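Protein chains in written order, with our numbering: chain A, 1 to 289; chain B, 290 to 560.
The hints are simulated quantities; they were obtained by calculation from the structure and are not laboratory data. Just so we're clear, the structure is a prediction, and the values are computed from it rather than from any experiment.
Computed footprint of chain A on chain B; a stretch qualifies when at least three of its residues, placed anywhere within it, have a C-beta under 8 Å from a C-beta of chain A:
#, stretch
1, 371-380
2, 406-413
3, 533-540
Quick list of simulated restraints, FRET-style, between CB atoms:
#, chain 1, residue 1, chain 2, residue 2, range
4, A, Gly194, B, Leu474, 46 to 52 Å
5, A, Leu41, B, Ser386, 43 to 49 Å
6, B, Leu474, A, Phe256, 44 to 50 Å
7, B, Gly419, A, Gln95, 54 to 60 Å
Idealized CB from N, CA, C, for every residue including glycine.
Each chain, letter by letter, is given below.
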Amino acid sequence: MRTARKPGTVALVAPSVIVLLLWMIVPLVMTLWFSLQYYNLLNPTAEGFAGLDNYRYLVTDPDFWTSLVNTLVLLGSVLAITVVFGTLLAALYDQPFPGRNVARLLVIAPFFVMPTVSALVWKNLMMHPIYGVLGFLARSVGLEPVDWFAQYPMVSVIIILSWEWLPFALLILLTAVQSLDHEQREAARMDGAGPIAQFFHITLPHLSRAISVVVMIETIFLLTIFAEIFVTTAGGPGNATTNLAFLIYARALIQFDVGGASAGGVIAILLANIVAFFLVRTIARRLEV
Amino acid sequence: MRTSTTTWILTTVLGWGIALLMFFPIFWMVLTSFKTEGAAIAPQLAFTPTFESYVEVQSRADYLSFAFNSVAVSVGGTVLALAFAIPAAYGMAFHPSTRTRGTLLWMLSTKMLPPVGVLVPIYLLFRTVGLLDTRIGLILIYGLMNLPIVVWMLFTFFKEMPNDILEAGRMDGARAWGEVWYLLLPLTLPGVASTGLLSLILCWNEAFWSLNLTSSAAAPLPAFIASFSSPEGLFFAKLSAASTVAVAPILVFGWLSQRQLVRGLTFGAVK
Numbered sequence: 001m002r003t004a005r006k007p008g009t010v011a012l013v014a015p016s017v018i019v020l021l022l023w024m025i026v027p028l029v030m031t032l033w034f035s036l037q038y039y040n041l042l043n044p045t046a047e048g049f050a051g052l053d054n055y056r057y058l059v060t061d062p063d064f065w066t067s068l069v070n071t072l073v074l075l076g077s078v079l080a081i082t083v084v085f086g087t088l089l090a091a092l093y094d095q096p097f098p099g100r101n102v103a104r105l106l107v108i109a110p111f112f113v114m115p116t117v118s119a120l121v122w123k124n125l126m127m128h129p130i131y132g133v134l135g136f137l138a139r140s141v142g143l144e145p146v147d148w149f150a151q152y153p154m155v156s157v158i159i160i161l162s163w164e165w166l167p168f169a170l171l172i173l174l175t176a177v178q179s180l181d182h183e184q185r186e187a188a189r190m191d192g193a194g195p196i197a198q199f200f201h202i203t204l205p206h207l208s209r210a211i212s213v214v215v216m217i218e219t220i221f222l223l224t225i226f227a228e229i230f231v232t233t234a235g236g237p238g239n240a241t242t243n244l245a246f247l248i249y250a251r252a253l254i255q256f257d258v259g260g261a262s263a264g265g266v267i268a269i270l271l272a273n274i275v276a277f278f279l280v281r282t283i284a285r286r287l288e289v
Numbered sequence: 290m291r292t293s294t295t296t297w298i299l300t301t302v303l304g305w306g307i308a309l310l311m312f313f314p315i316f317w318m319v320l321t322s323f324k325t326e327g328a329a330i331a332p333q334l335a336f337t338p339t340f341e342s343y344v345e346v347q348s349r350a351d352y353l354s355f356a357f358n359s360v361a362v363s364v365g366g367t368v369l370a371l372a373f374a375i376p377a378a379y380g381m382a383f384h385p386s387t388r389t390r391g392t393l394l395w396m397l398s399t400k401m402l403p404p405v406g407v408l409v410p411i412y413l414l415f416r417t418v419g420l421l422d423t424r425i426g427l428i429l430i431y432g433l434m435n436l437p438i439v440v441w442m443l444f445t446f447f448k449e450m451p452n453d454i455l456e457a458g459r460m461d462g463a464r465a466w467g468e469v470w471y472l473l474l475p476l477t478l479p480g481v482a483s484t485g486l487l488s489l490i491l492c493w494n495e496a497f498w499s500l501n502l503t504s505s506a507a508a509p510l511p512a513f514i515a516s517f518s519s520p521e522g523l524f525f526a527k528l529s530a531a532s533t534v535a536v537a538p539i540l541v542f543g544w545l546s547q548r549q550l551v552r553g554l555t556f557g558a559v560k
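Excised from the complex, chain B in its bound form (with noise of 0.2 Å):
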């Protein structure tokens, strides 16, 4: 029993301890979001907590604009991969035919191709058609850069929903978009929301394409808190608090659904 009990003593330690650790940086980065500029260049915990560089921060009038792009693209290319994939995966998992398996298996393969592979045709093809720094073609990228991944995650969602289901509606006289509006959706609806998420999560983080494809007028977050990377920029409260303010939602959203996200990020290989 002893040893049990010094086992369950040390799994306790071990556990918190480097969880704490691991979590540190972003603890501390909340922290100092609190401190004034002078407070967060001194290591120390005593302090007098103050909003001073969120309201600072929130009344330079460009960061809404940054946080209104984030919103904009995260959702326009979540909107975008889910109307191409729900007809896509609900074709493929419930009108399988031969061609099903490899198609699914070229999709997965398209998401292999590095982005800087094709840094150059894109940015100049954004040039030419006026789509450079613009939202639209954010938009674009982040929608077909997610499009395998939410036609995979809907399709492992849509195959384990009973055919009968739809069939009983079928037999109601319901055509294939009513069946899927009506009936596959709202009992699909845990699962859509889910890849619906991911996506959200990989679209506002994104940080390739925002960098090289957005210089102002549409750079969303992850491009606005890179430009405090320049050595003028050594603000660490206002890093901290427009960093809190772009990391929080994305941390509640992942944290939420750590699960899905598995199935998701490893296309069903780990369950």
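So that you can see chain A by itself, here it is in the shape it has in the complex (with noise of 0.2 Å):
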């Protein structure tokens, strides 16, 4: 029995939930407010209430379209790329092979680099095309190298990002596909499902709840991406790979449009929010209070 006597329990949260509120509701109401105001901080002069002149100003801009098809396709590519491999991976990881656990940890590794050193050994010491390995192999066969930042940008972006993001999804449906019961499987085997049907019929439907999980926290991620594309590109060439991060930030303190870059923050928040609701509704069934 829990214990009737609460030592002002509410003494106890309501530090946490007060920094919280704070630290969610002031840059919340404020991205609100400037994406509402002329402001700009090279041109004091324009100021004053905009109304939805910086909204309007957005979506009648060319780049910022450019940049939500960017966002979109690098979290649609990277995604699906981590989750079909993610969980074939994790198939594969769960059956028993000689040194497994250290093979295991070589897999992982990638998640626990830092954004900017990944993006940068891949775009220096692997995608260059005339120090790099892959140049290196292509020449070695007769090929000609690729220029990859040069000419495939957003391919060469997608590749550091499943890298990154593929160890994360196998970290995740492996967990999975280790709390399946192998009671279960060795039923279906002795009733003589093959490996590739006990996949489709046991492995698959279990991990369900995992992989949307993985689906839904790797967005939230992946919808404002920055620093691999900060180090590697800067948005380019062009704007072949700016993003809607990109394009907030390159407006914030590039081009000191404050008014602007708060009407991007805005619908990057709203972006993120739509699938934030069902990731707390996912988590809400499991949580036990």
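Each of the two chains sits in its own frame; use the hints to bring them together as a complex.
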């Protein structure tokens, strides 16, 4: 029985609630407010209430739509790659083989590498057309080396992000696979189900919730990917790899257009909230208080 | 029997092949860090190992200050998050009320706010109060950023502890803080430690705020590494040496705490 005496539970929880509330509400209200203002740090004469002008300016700007498309292409590709391969690899690394534990450690390692390191190691050591490993491999079989970031900038960014997030998907899905009832699978095997039938009829249904959690958490991070683009392409060439996060950054800290950047920020928050709504609902179902 | 042997060989080859492929960029980075700048741009396995790049990177006085900043903001952010989260998680785990569930879910939802959405106001606030490019500023951000995850993880660990033990302590007249300090924390130490570890990892690798809110004085390692992205920064061996030092400790922490990590990163939805 839980005790009836409550030694100021409110006082224990309140500090966390208050700081989180401030951390959330203050910037949120400020972003909303700035998005309705003419406010440019380089042009102090332009000020005052702008109504929806910042939003109107944003949606009539082709760069905004490009950035939105780029954001979604990036999100869709990385999600598809990491979830499909993450599921397959989870099934693979659930099987016993010699040195499995060491192999698992090696596969999940990329997730712990800081984003700026991942991005630069790929850009310089792997994908550099002259000095990189991929260029060297291409030349050694007589092919023309690919200048990845000039020829396929978006593909390059997708490769780097997939390399970082595949281990995350694998880590979560492997944990879920391991909680699978082995007797059930044994029974299926006895009934003559091959490994492929077992995968589709037992493993995959069991993984459905874990997969949805992976999709939602990755979505929240991938919607506003920044560091990898900042250090590799800086949004270019042109605006080929400018996503919403980079557009907002450029508006705010390069062009110092506070109003415009805030309008972009509000849109980023709205996008994230659509996903967040479903994620919170899924997690709430598992929460026992 | 034959098919199962074939399967076994196939599994081994695939399992190790994919593992080596995924790890290759990290392996290559470590390898390159032991080359001279001249050897680093020629992709080959045979070379004479040298510590030249490490020595050169360390001897740049500012490298140590970046590393120190990383340690300071990661530890500071983690301690701050724990200081707020321990009482909150204790309160909610042992004295739950009708509001507890809603409070936990609300805390989680604050984590969904994309940083870029609030970049402008945070930047301007920091500029106004003089927190731009300060360690204190980053510590505040990191502590708040990780607070929901830390509360959640501690909550799930505290929940697993039988209430009877605390009850017994209370009979002996332990006050609330004594109960937490002398009974709860020692008994749930592994859980508290892995929570702290996850927070350290997240702070150490954080790149968005460190790139946007610091320039030199308080810049941690992710920002230092980013400075190699300029065209004149094509020093592969030095980039690799600096990166290896920045990544190695976190890689070890991550490997040690992968199970708890899953729990923390999915808010208990996958165990």
